[in-house]
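K.L.:
Here's the letter readout for the chains.
4 protein chains.
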Amino acid sequence: THLRHGSFAASAMEEVLRRTVVPLPAYEIQGKSPPVPESNSMEFINFYRSLETSQKVAFLEKVSQEFGVDHQAVAELALKLVESQKRDAATMLQAEDRLRYYLTPRYLALFGHISRVEGGMKFLLDLRGDVIEALAAKATDSPHIRGLNATLKSMLSEWFSVGLLKLERITWKSPCELLQKISQYEAVHPVRNWTDIKHRVGPYRRCYAFTNGAMPGEPLVFLHVALTEEITDNIQTIFGGRTSQELTEDEKKVKAAVFYSISSTQVGLQGVELGNYLIKRVVRELQSEFPSLDQFSSLSPIPGFTVWLLGLLNQQRNDGRRSKILMDTEWQEIERLVGSPAPERLRKLLSTNEWVHSEQLMDILKPILMRLCSWYLYGEKHRSYALNQVANFHLQNGATMWRLNWKADMSPRGISASCGMMVNYRYFLPDIGANSAKYLRTKVIEASEQILNLVSQFQKNSKL
Amino acid sequence: THLRHGSFAASAMEEVLRRTVVPLPAYEIQGKSPPVPESNSMEFINFYRSLETSQKVAFLEKVSQEFGVDHQAVAELALKLVESQKRDAATMLQAEDRLRYYLTPRYLALFGHISRVEGGMKFLLDLRGDVIEALAAKATDSPHIRGLNATLKSMLSEWFSVGLLKLERITWKSPCELLQKISQYEAVHPVRNWTDIKHRVGPYRRCYAFTNGAMPGEPLVFLHVALTEEITDNIQTIFGGRTSQELTEDEKKVKAAVFYSISSTQVGLQGVELGNYLIKRVVRELQSEFPSLDQFSSLSPIPGFTVWLLGLLNQQRNDGRRSKILMDTEWQEIERLVGSPAPERLRKLLSTNEWVHSEQLMDILKPILMRLCSWYLYGEKHRSYALNQVANFHLQNGATMWRLNWKADMSPRGISASCGMMVNYRYFLPDIGANSAKYLRTKVIEASEQILNLVSQFQKNSKL
Amino acid sequence: THLRHGSFAASAMEEVLRRTVVPLPAYEIQGKSPPVPESNSMEFINFYRSLETSQKVAFLEKVSQEFGVDHQAVAELALKLVESQKRDAATMLQAEDRLRYYLTPRYLALFGHISRVEGGMKFLLDLRGDVIEALAAKATDSPHIRGLNATLKSMLSEWFSVGLLKLERITWKSPCELLQKISQYEAVHPVRNWTDIKHRVGPYRRCYAFTNGAMPGEPLVFLHVALTEEITDNIQTIFGGRTSQELTEDEKKVKAAVFYSISSTQVGLQGVELGNYLIKRVVRELQSEFPSLDQFSSLSPIPGFTVWLLGLLNQQRNDGRRSKILMDTEWQEIERLVGSPAPERLRKLLSTNEWVHSEQLMDILKPILMRLCSWYLYGEKHRSYALNQVANFHLQNGATMWRLNWKADMSPRGISASCGMMVNYRYFLPDIGANSAKYLRTKVIEASEQILNLVSQFQKNSKL
Amino acid sequence: THLRHGSFAASAMEEVLRRTVVPLPAYEIQGKSPPVPESNSMEFINFYRSLETSQKVAFLEKVSQEFGVDHQAVAELALKLVESQKRDAATMLQAEDRLRYYLTPRYLALFGHISRVEGGMKFLLDLRGDVIEALAAKATDSPHIRGLNATLKSMLSEWFSVGLLKLERITWKSPCELLQKISQYEAVHPVRNWTDIKHRVGPYRRCYAFTNGAMPGEPLVFLHVALTEEITDNIQTIFGGRTSQELTEDEKKVKAAVFYSISSTQVGLQGVELGNYLIKRVVRELQSEFPSLDQFSSLSPIPGFTVWLLGLLNQQRNDGRRSKILMDTEWQEIERLVGSPAPERLRKLLSTNEWVHSEQLMDILKPILMRLCSWYLYGEKHRSYALNQVANFHLQNGATMWRLNWKADMSPRGISASCGMMVNYRYFLPDIGANSAKYLRTKVIEASEQILNLVSQFQKNSKL
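Protein chains in written order, with the numbering used here: chain A, 2 to 465; chain B, 2 to 465; chain C, 2 to 465; chain D, 2 to 465.
Hints in this document: simulated from the structure, not taken from any laboratory. Take every hint as true, because none was put in to throw you off.
Below 35 angstroms or equal to it, Euclidean Cα-Cα: the simulated DSBU-like pairs (lysine-lysine) are:
| # | chain 1 | residue 1 | chain 2 | residue 2 |
| --- | --- | --- | --- | --- |
| 1 | C | K199 | B | K57 |
| 2 | D | K33 | C | K382 |
| 3 | B | K253 | D | K174 |
| 4 | A | K281 | B | K123 |
| 5 | C | K167 | A | K182 |
| 6 | B | K123 | A | K123 |
| 7 | C | K444 | D | K33 |
| 8 | D | K199 | A | K123 |
| 9 | D | K281 | B | K253 |
| 10 | D | K123 | C | K174 |
| 11 | C | K254 | A | K256 |
| 12 | A | K174 | D | K167 |
| 13 | D | K256 | B | K256 |
| 14 | B | K444 | A | K33 |
| 15 | C | K444 | C | K461 |
| 16 | C | K182 | D | K123 |
| 17 | A | K33 | B | K63 |
| 18 | C | K63 | D | K154 |
| 19 | D | K63 | C | K87 |
| 20 | B | K254 | D | K253 |
| 21 | B | K253 | D | K256 |
| 22 | B | K139 | A | K81 |
| 23 | C | K281 | D | K57 |
| 24 | A | K182 | D | K123 |
| 25 | D | K33 | C | K182 |
| 26 | A | K253 | C | K256 |
| 27 | D | K182 | A | K167 |
| 28 | D | K182 | A | K123 |
| 29 | B | K167 | A | K281 |
| 30 | A | K199 | B | K167 |
Isolated chain A, as found in the complex (with noise of 0.2 angstroms):
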């Protein structure tokens, strides 16, 4: 049923949009059109669905044009929106709202029809994602294309407001078919089997989830806790160590909560921000289960800075000096265990892993490491905000910059990511209104002494 020859399917798209968007009716009998047979949406989501992913992209990219704004209706009713300018609030009203009317691209009409068939908003989930995906891969560039995806994510956003999401708790009760998806979109520590995901929703841990009460079995963002006695500094501990199932829990053991994993399971919710509002959500569900409940962290993964650390020894390679990240004598106390070239050796050993078989080069890397860690978390901007992504999220969220640490997640993915290390945000709850604002207003992050210590002792000791 594919379509092969672009001519063809250039017909068939203009053939099957002629038939199933609808024109923008007039603003005077808005709210009077018939409704649309749920065929003509059925049509388009078939239609669709028998596309290439490039006839994809050729296919929004006609929709996102063609069936956008009419740009020449839009300038002429901005022309009289000045003019009623001068007229009664009534009048001015009406001008703007006709204009507001008319900046409405058709296919936003298209899109809410779709929205009602039975499937159809699961559908307009996965196209935007398609549309994410074909931006990312630069597969388009359109900014017509840019338009239609802010307006499904405006419309993505409402249909999924967090004051219509209901909080599930999920355990070892849940239905299979749930937990088979907390484990499939599980995107931090990936679930090994279904003896890990036993002891994930087990005593001592937490995992809740926001729904949508018309899509039950559908996990839309979801959180991983592990109730401490003190703010754990590694993953092994929350993975490992655990005896028996028939394990109940002490209450008065319960001092920390630690949030070691989010994901959000849908990429056409991107940038539609639930993660912030689940975590606020457990937040309040813990505090009513435990009252004397009082730490609340991240224990994050730092993903990129091994790759930002490669990047910086490679480039200072190719600038042909000894890299200044590291001072003279660190690099003689590596070569004397890797041979020399030490920073060719060490970029390998980095690049492979292989550096965590040597106790002695760890031991020389630890201080290295931590302090490049910390300023790549704390000085590494991009638009001015934090680089790494989860930091930015936690950062975003009102939490600090608590702690960084070594050994935290020695598995391969732990060590490719970031040496091994992992950091905790801690949520001081009193501050994170005041420290969410400071952060989006000012940029400046708020962290922990250690942070602060140690990326003082880059400034010292590094040069970038």
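Given the coordinates of chain A, work out where chains B, C and D should sit on it, guided by the hints.
P.N.:
Frame of chain A, contents of chains B, C and D only:
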């Protein structure tokens, strides 16, 4: 806690709004504003709830007027948009998007924040209920309030989008809380007691509701259906004559589904079409339960007919001449029974419901009222659509005005409303799409022969 | 379908029993008999249901007499058992087991088969209900029927063993069907309407039931509890004075749990103790919900007191002398108020509930009725246990007769039953085991000082 | 906490039993004994659990011997019963009832009390499991323990009476906990992983369990069904060849229901027939879901056939002559393929499963193994019933031995058990009542022509 003095109230309002309504962030940093603390929303909610009705209107006027659109900024951007027309697509699209952004009233963000706190969604539903009542009661006529109403409606219509609602069947095993609400909200045929509601969810009956998963106990709109052998022509049959709950349904006797009551529960969702979707979903549900079921019809009240009729009689009395809505021979017959002056007497008998005590009078009036009522339904218009709102609802859905029924609701309520008549709007499934489109576009009402005959009798024998 | 003629009925019964009651298989092949077809059981059920009440009794007499134990076989085995005493353990045990087997009435297997068909368990519950009623109505006095009753009771007590029952909390969100049953079965304080039952499951109230998982909508026994600051001394406080459902519970105000009603729903489970276990389970449940809750008490009716009192007054009248249950001075006071002859007048006023209309009379009667009632509860016995069944129930459970309350139930029902008095049986948790054992073994009633004082006043001032 | 020294253990046992086992109350005051405190039962449970296996047996011997029936009292009552035969019915019945009462072992009341504490029912299930294992392992041969086993079985069979069990369908949406148990308990075809179990509850499959409402997560017995177009003749088809979960069932393709696995989960319920009832309930359930489904059959393993066959071969070798279970010509053919001595070689190949690697050998063996296996199923007996337990189960249920299938389970397990063969026991619904009765009474096996032909080939060509 009520605010007694206008000036104090006004300053308190300003104080609250200053604190709780955040300025619209600049277009460039949208989505980068610090999350608004929940306490803001709670303060707004509590303040609003502490106000008296008249204060609420004043408060909303202030919100809508002072925290709406920045008209000057919009006018400037409108000019820029006009200029951008000559530029490249990206520039033009951005100008449009920027204008669209600034056309957003500031209170929209406020409502968004409120929607996310616990109970916030219900608060906004109720708030819009207040707005609608204030406008209906002419407590305000501010165009700004009308704008706020439109904004709220648009937000609510996204949040309560059909695609995210759940169809729930309500039975005697449903939670009491839910059945109590179904009883209280019932708008068409009031529920007398618990035996009554038990019958309405018992054998040969179906009751379905749309609920939002996040508000499980709260039906948004619900529909009562009777499963019968023939399309029922009176409500007495539906409510009476049942024997026992123990009765088990015989699938072979289910040949018609009669929608005898549909009620919306939330004033705040006025204008957000849910009933139409509910009927269609229920039809699908019933078809899957009873594959051989193939007759679908409403049994609907005709609110307003008696009032319209008395109005006619009254108006013609004021004209000082015998009403021409009846033929002279008809007037004579009536006069023989009720004495003279017949119009006066008749009006009295109709307005007190006493005419039903005379079988003879009823016999005389039957053809007269039937033709008048069919005209009322078919011929009386409001903005070219059917004046009667129930008729308009079913016709928009694509139903056919199928059968006018005499002695169909002989309760005092039924006689007062429509001289005891009810009407079946029939849903011929293959035609409803076309019917709906035709009615909405051409305003032509699809009607059965019975109705058209009655209408032509009216046209022959009655003069308005 | 009723069987009108005795002879026909008798032969129909025989026919049915011949077909449906299988012979007891020989001991050697027990467990190897072909499964009895379900149609047998259905035939028995339907036949029984088609009988009139008197026929049912005749039928059950026939079943119990002709399909019971084979007396001759049993006698022979009994002899063999006596002989086996001199033999080895295995032989002796087998002789016992064989005798035990043949002591099983044939109808036991019939009931077993019936219990396995759909609705069979409920049929047997109802069947035993019929037996109990027939015995109570003296419609039969057959020792065989008494035997059948004992067999059924023993079977039902295994099937409805507490270890397999589920404790369910009933709230306003429970299925309407269940709440309707709770209302209908309520034996102590009849439920007036749905507002009333809503209050009884609302805030500061708890309602728990034992259900069997296989009959989900059928509560077997249920208990109503009021959560109060102090142990309540009247029922008006419990039913009245509530303001609103919206009321939320303040955990700090929950210091006492008052069991104000416990009802069994199945006559067929008479003598199968469930209430005792329900109270204990509920106590545990409440302790876990309210860790600081530490006062548990019933607020119980005293059915039979007024009847007992009127009996006394009547009997003493027939003795032709002024009753000695009141002191002469008391009689004089009463006579001043009601005229003479005082005993006659008083009896009349008490039997019509009219005495409560005079505050003066009530003041005079208060100490008298309190001491008489405390004696009725404490001193009147049936087979050495408390005559009053409610008292006997709570005392067997290990409760203490704690407080007699004046004006505790001023409803007509309460006045008719016990001159408006009620009694608290208090559950002092650490003592209930010992109390129960003491009461059952020694018949001594554990009572508070208030009760003992009242009893000693009775002994001083009243003569029976 | 283990008890190491015999004498100490013995005295501890006596101490515990003295405290926890109450004497049998006199007949006259039965039902009037104080409720046994729960702590008694908990002490018994905890003590028992602290014992080592051998101590448990000793303990149970003590319980069964010293806390059983009072033999002397019983003998005296037996004499009285004999005498009562000449008296009136009431006296005789009472003598019987009194004897029945004293024939109750004292430990029955103990078990009754234990059944009522939390977890007590499960404890008793497990306790009987221990008894059964001890008897099977010949760790005891005490007739008293056999008596205790019978008493426990009888109690458990009442508590887990089919009339009180709930049929539950298990799907991929069932709780993970439940699906894990279904996987672990699967006795017939072990579950390999979660994909496997997902398939077994997916489209064209059904899984049903009996549960007791009070132990919601605990399936007592469960049945796996494949819905197919024809009665399946091998297990590979059932487990393999599936494409996708997304597959939706086409009702028209469901013409046969194949029960391919039934497993009991509780050793303690051995001898309490549930499987039979489960199959019948599931048949009813499937008939109501698929009205046109009319073929019901098992696809059953034949455990024991290979062992039986090797036994035969071995035994005949010891007889020093070529086995007569094969014809000479057959032996010659085999010898040609495997070398001599053929019997020796064949036994080796069969016992190592290696024979399946030679297609030629399989071809030769097919008719031989088919006729031997059909005899094994049809002709080999234990106490006149089918020796093979699976066969006996289905024949007792009324099924017909319908078809022996070659290459039906080619897993190592299937080849080891029955040379890869499986058998269909077919349930012809109208006949199962008569079949069951015939089999149980006459021991005659209802078999199809295919089976009977194979049996007659065996009789012609094989000599045992």
